[in-house]
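Visitor: Chain by chain, the residues:
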Amino acid sequence: MSWNTFSTVAETVKALNDKKVSAVELATHYLDRAAALQPVLNAYVTLDREKTLADAKTADDKRAVGGADVAAPLLGVPVAHKDIYLIDGWRTTCGSKMLENFIAPYTSTVVQNMSAAGMVTLGKLNMDEFAMGSSNETSYFGTVKNPWDISRVPGGSSGGSAASVAAGLTPASTGTDTGGSIRQPAMFCNLTGLKPTYGVCSRFGIIAFASSLDQAGPFAQTAEDCALLLNAMAGFDPNDATSLDRPKENYSRDLAKPLAGLRVGLPKEFFGEGVASGIAKAVDEALAVYRKLGAVTVEVSLPNVKYSVPAYYVVAPAEASSNLSRFDGVRYGHRAAEYSDLMDMYKRSRAEGFGAEVKRRILIGTYVLSLGYYDAYYLQAGKLRRLIAEDFKRAYEVCDVVMGPTAPETAFQFGSKSDDPVKMYLNDIFTICANLTGQPAMSHPCGVDESGQHVGMQIIGNYLDEARMLNVAHQFQLATDWHKCHPSI
Amino acid sequence: MAQWEVVIGLETHTQLTTVSKIFSGSSTEFGAAPNTQASVVDLAMPGALPVMNRGAVERAVKFGLAIGAKINRRSIFARKNYFYPDLPKGYQISQFETPIVQGGGLTITLDDGATKFIELTRAHLEEDAGKSVHEQFDAESGVDLNRAGTPLLEIVTEPVMRSAKEAIAYAKTLHNLVRYLDICDGNMQEGSFRCDVNVSVRPMGQKEFGTRREIKNLNSFKFMQQAIDYEVQWQIAEIEDGRKIQQATVLFNPDTGETKAMRSKEDAMDYRYFPDPDLPPLVVSDEMLARIKASMPELPEAKCARFSSQYGLSHYDALLLSQDGSTASYFETAVNAGADAKLVANWILGEVSASLNREDKTIEQSPVNAVRLSNLVARISDGTISHKIAKTVFEALWSGEAASVDAVIEAKGLKQISDSGTLEKIVDEVLAKSAAQIADYKAGKEKALMSIVGMVMKASQGKANPAQVNDIVRRKLA
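Taken in sequence, the protein lines are chains A and B.
Residue numbers for the first sequence follow the working numbering, beginning at 1 and rising by one.
Residue numbers for the second sequence follow the working numbering, beginning at 1001 and rising by one.
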């Protein structure tokens, strides 16, 4: 086998290096497949064949003159981007009617970095509107279907990013994770997804949802691929004041390390009631694999993690309400066709341009920031963030990584939670804490439940411990085959 | 009728002299074509992020040090949320709870020489908004975002001023200081220095403040005076007519000389302040503080004291010369070029100031530069020309007739006549025609002598050395 639809990024690089396949052939293959499956999965919002093939051709030309080197290690490898990343000249919708016709005037740093590494942009992926959702049901451009079972959600908000890789529409994709938007869809679609430490990837050119929580990260089939992708994505960016100013790091460096002696912390709060039995069973079996690989498990406690969801639903909407103020119909984006005056223009444009979930969060956020409520909500939430961070700090005194289920439930049916926001929000109960603290966290496939739905193991690492987490997941993947399962689509 | 006391506090927006904007690399140059100096950050494109301009921070610290304030080593940027077309992000990045500069104050000198210390509440960094443009469009408005993101230092006083005069004196002192420090160009026409004046009145002796109204965006001292005067009498009239003052933002109309309440930007003024998550806390490091301290220029007060002691000037002259940096440096340049300091001071405060005022010029624009003035004064000191002739020479230099002092003296033949032979001859001619005055003088009328000297001066076309003439006349009539 030289190369196929489900080749990993690492395999694709090898096939390109061995001249088994060209960038144009790869791009053409995935574009054809994406177009063919678009009516079924609705994973993409925008495909631009001409642009993609031109990029691929450039990559092939570079390779012909010896351009595939350290500077461009992923030359010719296709990647699709969540439609929250601005790419100069590409429509960038953020899953919203508000930006239905918005053509980005510049390119986000992460996409620039990936292009510099040689990657070819396949298209823009569907997502929950402004990244607000856990099921991809809030997209203005329609729901994305889970390729494993099209009656089920792919997870969210990076639903298109997960569905596209799972269905073999691209070997890799980017997502963003504000409360679990990479890890939960990675679990639902049987992928490996990583949310790096806050500040590792630049947020410049990524449409902001909740600025203090948002972080870019990769989706791929394997931890090894995630390391390759993160190598391309990460790096200090002077355009983002919250970007970490530190030297570039090789996230693949520790992949091969054995796990003997690894201390895995198991927070009792992640293993209590509320976790579906099928998930608990799969996670237990995966932990048994880890023990076999030499890891030691220790129980830890994160007593304040139970406040994650309420703290998150203060901080995220508060920041979002302010971040989304720029969508006012004045300079770009949707503007109502008719209005009587300036205030009416604002009201109508925003009422028409935003969907229900976005409006709900703007309302919550506006409320919690209001005079007299700020102290009771936003300030308190900030204190909880610090308490949760202290919980983790204590845990890392006795363990190297924290593990648990990525989500309390596996992929659910469309419509089963969309009427009950709180039920929907609780799906992120295990993922949110890492956003509140800024720690790196990832999800990797670790089994299925009784209905055959995929279960993800979440690894929460200490700050900047991505290389170790990727090493842990990679060693697991060397010992298991869950990540090699593909849907028959 | 009750006696009213006026209470005034000022908020001054000073535009900092950075080349680029406070959170983006766009130019801050004034007067470019609309929206040509607006980057993706200034346009609030999706995904764009602010990055702090350290130059703006340094200027704020410089100001804080100059007024003896506390420099907060860690200050926070907050978002002030409201919708307006000239505010592209839907929020202004400003400092709310923790400003970079806290406290401090300025000493003002009033016309009667009295001084007063004006306490400052704070000075904080923030970004300016864009501009709505209404003229060029029919039914719509345009938005020019060139100014959006221009760095401002908002300087806020305590409500400690008690008259329009104090307010103006404060504003002028502040205006001088920021230019001294070279942190603001002070150009009021271009909006680089704009004042919001909070005015309230209360019955004399009452402790509580009255309800204040804020006069927005005053960009000249004259308008400030007019606006405060109008506002004060309006408020007093309202209260005396039995009405209550409503807290409001008002605009001054220079054409009518009146203030008028304007519509608020958002009906309920809840700006929903919260720390901007895009900007980490602003840290002023030890190194930065030390570097700025070392680079502080001499401040007006210190300069005034030095001018007095070093050059023997009166306190009043020293104060006038040190109030603004350009005048001070003009003075010292002239003195360093060799002229007598007191004479130079007199000339700057006299002839130079009068000419500048007449032509509405700043001292930097003076056609007679400091070195030339120095040469002129030197020619008086060495007796080449008299004070009176010096004025003629000054005028010639001012109008550009000639390039150097000596050239004017030469060309116009203005050199003082000190040759005693020549002078005696002129005196003899005058005495021959002055029998009556000579008689008066001999009868003891000292005034008659002055009249004779005057005639000699006239006969010499002002060039005769007056002291010498005096001596010769006395001698001849003795």
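A hint or two may mislead.
As the list claims (entries may be wrong) - Result set (DSS-like, lysine-lysine): computed pairs, CA atoms no more than 30 Å apart in a straight line: (1) B:K1070 <-> A:K97; (2) B:K1131 <-> A:K347; (3) B:K1463 <-> A:K383; (4) B:K1222 <-> B:K1361; (5) A:K347 <-> A:K417; (6) B:K1216 <-> B:K1260; (7) A:K347 <-> B:K1216; (8) B:K1080 <-> A:K97; (9) B:K1080 <-> A:K359; (10) A:K347 <-> B:K1342; (11) A:K359 <-> B:K1260; (12) B:K1342 <-> B:K1172; (13) A:K383 <-> B:K1080.
To be verified - Taking CB as the label site, the calculated pair distances span: (14) B:N1035 <-> A:L379: 34 to 42 Å; (15) A:L379 <-> B:D1112: 46 to 54 Å; (16) B:K1361 <-> A:L379: 53 to 61 Å; (17) A:L379 <-> B:G1025: 30 to 38 Å; (18) A:L53 <-> B:R1054: 41 to 49 Å.
These aren't lab readings, by the way, just hints derived from the structure by calculation.
Backbone N, C-alpha and C define an ideal beta-carbon position, used for all residues, glycine too.
Visitor: Take the hints in turn and mark each one as holding or not.
Guide: Hint check results:
Restraint check for K1070 (chain B) and K97 (chain A): the C-alpha separation of about 49 Å exceeds 30 Å, so the hint is violated. A C-alpha spacing of about 22 Å is found between K1131 (chain B) and K347 (chain A), which places the hinted pair at or below 30 Å, so the restraint holds. Between K1463 (chain B) and K383 (chain A), the direct Cα distance comes to roughly 86 Å. Violation of the 30 Å bound is thereby established for this hinted pair. Note on K1222 (chain B) and K1361 (chain B): the hinted pairing holds, with a Cα-Cα distance of about 17 Å set against a maximum of 30 Å.
Distance restraint check for K347 (chain A) and K417 (chain A): the Cα-Cα separation of roughly 29 Å lies within the 30 Å cut-off, and the hinted pair is therefore satisfied. As the CA atoms of K1216 (chain B) and K1260 (chain B) are separated by approximately 10 Å, the hinted pair is consistent with the 30 Å bound. Our distance criterion of 30 Å between C-alpha atoms is met by K347 (chain A) and K1216 (chain B), whose separation comes to about 28 Å. At roughly 27 Å between alpha-carbon atoms, K1080 (chain B) and K97 (chain A) fall within 30 Å of each other, so this suggested pair holds.
Straight-line distance between C-alpha atoms of K1080 (chain B) and K359 (chain A) comes to about 20 Å, which keeps the hinted pair within the 30 Å bound. A distance of roughly 68 Å separates the Cα atoms of K347 (chain A) and K1342 (chain B); the hinted pair therefore is violated under the 30 Å criterion. Straight-line distance between C-alpha atoms of K359 (chain A) and K1260 (chain B) comes to about 37 Å, which puts the hinted pair past the 30 Å bound. A hinted pair counts as satisfied when its Cα atoms are at most 30 Å apart, and K1342 (chain B) with K1172 (chain B) qualifies at roughly 25 Å.
Of the pairs offered as hints, the one joining K383 (chain A) and K1080 (chain B) holds, with about 22 Å between alpha carbons and a cut-off of 30 Å not exceeded. At roughly 38 Å, the beta carbons of N1035 (chain B) and L379 (chain A) sit within the given window of 34 to 42 Å. For L379 (chain A) and D1112 (chain B), the Cβ-Cβ distance of about 50 Å falls inside the hinted range of 46 to 54 Å, so the restraint holds. For the hinted restraint 53 to 61 Å between K1361 (chain B) and L379 (chain A), the CB-CB distance of approximately 55 Å keeps it satisfied.
The supplied range of 30 to 38 Å is met by L379 (chain A) and G1025 (chain B), whose beta-carbon atoms lie about 34 Å from each other. Roughly 44 Å separates the CB atoms of L53 (chain A) and R1054 (chain B), a value that falls within the hinted 41 to 49 Å.
Figure legend: structure checked against the earlier numbered hints; hints not met, in rising order: 1, 3, 10 and 11.
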